[in-house]
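Asks: With the hints as extra help, turn the sequences into a complete structure.
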Amino acid sequence: MMKLKRLTKKQCLECILIALVLLSMVVMVLVFSNVNYSYKMYDTDTLHYVKGTVVEVVDQNITYSGSGGEYITGVQHIKVKIREGELKGQTVEIKNYITVQHNIVVNEGRRVIVCADTPDNAEPYFTLYNYDRAMPVWILAIVFVLLVIIIGERKGLMSCIGLGFTICTVICWLLPTLYNGGNGTLVSIATVILSTIVSCFCISGLSSKTLLNIISTTVGTLSAGLIYKLFSFVLVISGASMSESEALALISQTTGLKLSGILFAGVMISALGAIMDVAVSIGASLYEIREHNPNITSKELLKSGMNIGRDMIGTMTNTLILAFAGGSIAMLILLISYGVQYNQLISSNYIALEVAKGLAGSAAVVLTVPISALVCAFGFAKLKTKNKVDFKEETL
Amino acid sequence: MIKLKKVLSVLLAVCLLTVAVPVIAASVEINSEIATVSETATSTTIVDENTTWSYLDDGTDPSASNSNRHSWALNSFDDSSWKTASGKFGSKKGALSDLGSDGTYVPTVLLNLYINGSAAPTVPTYFFRTTVTLEADAKGVVNGTIYYDDSAIVYINGTRVAGFYADDLTTNLSYGGSNGGVPLKGEFTADATLLKAGENTIAVEVHNAKNSSSDIWFSATEMSIDPSGEMPKEKNIALTMGADETQRNITWYEPYESSTASVQYAVKDGDAFPASYSTATATVTGAIDQGYNYCKATLTNLAADTDYVYRLVNDTTVSQIYTFSTAQTGDFSFIFLSDPQIGANTTAGAANSAASGLADAESWANTLNVASQKFPDAHFLVSGGDQVNSGATEDQYNYFFSPDLSSLSMAVVMGNHDSVSNYNEHFNNANTTDYGKFNGSVGSDYWYVYNDVLFLNLNTMSQSTAEHKAFMEEALRQNPHVLWRVVVFHHSIYSIASHSADSDIINRRNELSPVFTELGIDVVLMGHDHTYTRSYIMKDLTPDTTTGGSSVTDPDGVLYVTAHSATGSKYYNIINQNASYAAVTNTQKVPAYSNVVVTPTSFKISTYQTTGAQIDEYEIIKSKANSLEHNPEYVAAKDPTCTEYGNTAYYSCDCNRYYEDEACTKEIIDKSSVLIAPTGHLNTTHHARVPANCIKDGNIEHWQCNACNACFKDEALTKEIDNVIIASRGQHSGGETYYNNKYHWTLCEHCAEPYNRDEHSADCSCGYTQNN
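If you read the protein sequences in the order shown, they are chains A and B. Numbered according to the working numbering, the first sequence spans residues 1 to 396. Numbered according to the working numbering, the second sequence spans residues 397 to 1168.
Among the hints, erroneous ones may be present.
[To be verified] Below, computed lysine to any residue pairings styled on SDA-like, alpha-carbon distance capped at 20 Å:
| no. | chain 1 | residue 1 | chain 2 | residue 2 |
| --- | --- | --- | --- | --- |
| 1 | B | 985 | A | 240 |
| 2 | B | 1000 | B | 768 |
| 3 | A | 95 | B | 915 |
| 4 | B | 629 | B | 655 |
| 5 | A | 95 | B | 768 |
| 6 | B | 935 | A | 72 |
| 7 | B | 1067 | A | 325 |
| 8 | A | 79 | B | 1068 |
| 9 | B | 935 | A | 60 |
| 10 | B | 935 | A | 64 |
| 11 | B | 935 | A | 284 |
| 12 | A | 40 | A | 245 |
| 13 | A | 40 | B | 788 |
| 14 | B | 985 | A | 349 |
| 15 | B | 935 | A | 71 |
| 16 | B | 935 | A | 103 |
| 17 | B | 985 | A | 374 |
| 18 | A | 95 | B | 1095 |
| 19 | B | 985 | A | 338 |
| 20 | A | 95 | B | 1068 |
| 21 | B | 935 | A | 77 |
| 22 | B | 1067 | A | 93 |
| 23 | A | 95 | B | 869 |
| 24 | B | 1115 | A | 62 |
| 25 | B | 935 | A | 63 |
| 26 | B | 935 | A | 62 |
| 27 | A | 40 | B | 817 |
| 28 | A | 95 | B | 913 |
| 29 | B | 592 | B | 553 |
| 30 | A | 299 | A | 374 |
[Unchecked claim] If you want the ones that stay clear, here's a sample from chain A, every Cβ over 10 Å from chain B, calculated:
| no. | residue |
| --- | --- |
| 31 | 167 |
| 32 | 318 |
| 33 | 323 |
Simulated from the structure, these hints should not be mistaken for laboratory data. Please read these numbers as outputs of a predicted model, since none were measured by experiment. Every residue, glycine too, gets a C-beta built ideally from N, C-alpha and C.
Replies: Right, dumping it as structure tokens:
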């Protein structure tokens, strides 16, 4: 009876905290929708991207070439019925030019996005922007969330809330703050700590494990930031090394956006996931070990933690490097075609950035192993000696 | 354990609650300003931070009438009833509170912010006076620095010497100014000879921006006499193309406090300025470049092939004599380049620093020198945009104009780097329109005609293809017959460096190319990607790969040329070297420019590196020059058929327009109005289904148009079909054979019709025998 009551009390607290998390997400979205961006790259006020349906392909002249017919060129004369906005219900005629960059071949009934350029002082001009992908994107996202919830049950749902919070923080707070000239280092550290706290809490509720996970993840991610700062100093990387820096520099002239802050934020955010993975895995393993062997010493726990971690290093380092390789296959193929030479490649901005980002993250993942093992070993051990019975009762 | 839980919950809650604070903080803008004050040993300080000022802050006008409103600033004015104090004058919501956030702008002398002492409306204007006693008449200039919020005017002995955001200050008690956050710094240089031996009065009026302003500020940190200093001169003279070759538009910046300005110009006659001259009145407006007015005027009725002199005149000053020349009519050439982007250089110093500006200015001067020496006959310069790297940084415009451009006619378009209102102030474009305005006011589409060639300049900072199309159609309507149609804009849609894959560029390529093709544009000149690219002749989006040589005759499509960097201030990575549209490229990191020679039948563009090498030359040849007159062709009336359009009679001119009359005076604006819609299938015949047999074709049920014989499956005539025939089997076959005494025949097993009917022969095998 006593136990039940205590659990209820804790659950109450957890519920309140989750409600707070959800509330904070709503607040962030509301604030985000009112952020004022003082700079815009182009004037697109007259352009409206609206949903439409192809009602007729009047005629078309399309050539398939290249191996496998992937290279499609030509023109389609189509009629599209607009499904929203001021022009809702109207059918407009569009000449859809198909090129390598604009490879949108449509058929009757296809849902599309039309770019309706409708200034007050000129005839409207319509072009086909793209397929309407909103529906499949949302369906895929919902399928993903359902999968997580079905398989992960309560924890799955909690993970989704944690994920939602992280996405909210990055999109609704980190991005506008960076855009308007905020300090990239501080903002990304704050984002990392916030999202670590909420994610870890969502994964394992209010428990000692959560606290220890938060500590090791935060220390691990901060070490990623430190290592990145060191790498970028050695490799002489600045915000100007990014391929996007040209356009970003224009924004920064107006808003004070700091290019180096963007890079730092990128490293921190991309490393966070893998580091949390390692920290939580080690934390969970050590927790289980201690559960089955309550008298284990912290020294022994540390040793186990390191052993478990060593196995994980092998896969985790692969994870980050493979993620980079997977993401840059197209770029690497192009580099080969350019006949890039070794000296040129190894000293290019591209490689320097990827090395700094990828290796800083990977190195921090490796460092997280001893960090997490240490934190958990001594954390669990200390708690045990302090109040063994109470702690046991609390466990989930 | 309970402790741990508490720590954890508090930690979580605090973190969540603090989320909102940084979000709000993120919108705070950060301004940084670097102040440099140079002092010379010989300068005499007349005002500093400890100077005592008499001031009036009760909201009344010290002058008796508006017509004589500056009288309060005269030395003779009696200010004995005013308050006196020294320090930083100001108020934030009625208190001595910081106007900023870091303690820099905390007033020491409280000004009365509100007329009634406690609430809005605010006092519109604050008047300050101080007396300076000199032993002798001053020489040289007075250099001054004040801080103000929201606007200010400075006087020496009643003569206005500087105004800051002062355009709206039409009366002593007007509201006006910037209303920005913290006080602004205002620097000025004034004629020191206004200061005489004895007592002199320096006066400053500071205005609130509006009756609800929350703060006010005035402090004068320094005013000193530099006896060897010189008054700054007019600067940044931009001689831009007028509406046609008989006009030039001009813009210049002048440091004088003058409300009127004009250009005096005349045909050159010796070294002296001619006694008789024309005068073009200029508009005078306070520039973003504080301390300067920008003046704009149009010089008209210019004769061809003539040397002109001009000078810039205002209330008190007449400038030195400047010169420019017009060229002969007919064939001409011009220089095309793009993206000088002064200040982008990062090899000499950080981008936008003085060092990078200086380095780019040298390179810019070199490019102009090389081009003008090699092609001294070029009539004017066309720039494809991005004249400067940071459009709001006036220093970069100073560098852009540092090679004296006062004699060079030019036409520029706006790029993504100079897309702020400073552009509007620097360039006086001809025939501007409401199309293509960025953010509602910055730049616009504009056109001019030079020796019968139409130049359509698009401001592609606006992505509205609808507006650009409407602009071009209107300009073409006003200029239906020109030798060539040339479009100039910044964001190249056919280049090969990193911008060529930008999503906005891909959109523009898809949208603009068909429009240029439709409107019969000959050549499009662009910039943005800092790499030379000459396209094949493009019809819509399709390259004609046979047009990659050194010339093309009567092309069916548009030529696109993307300029290299004009200064080398910056280059991009090549990402699309073998783009299907690229005929010739140059990716060397050497600045380049093009010389374009235009005759009625030839448009030849030759591109050179500033080091001398030619990198490309291409000529578009017209076997027959465009007629400059209407050239109508009669199109006879034609009746429509069931499915094809007919038309009424009209005249089709080679300017792509239709007219009702041969003289081409009555244009048919709506070209589709000549069309007569197809009649549709008016009379049809119903054919019932006829089955086929073994040798005779049948047909399905169908309806056939009596006029065009088209067949349809349904009576509503919606399902047209080519073939209504039900094919026969082609022959009888099988079945039993019969005979009588003369013939034998077979009854077809499919239709029971007789076939192979024949008389018996001698060796007949049908089974009949005569003996029977």
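Asks: Check the structure against each numbered hint from earlier and tell me which ones fail, lowest number first.
Replies: Numbers 5, 7, 11, 17, 18, 24 - these are the hints that the structure violates, sorted from lowest upward.
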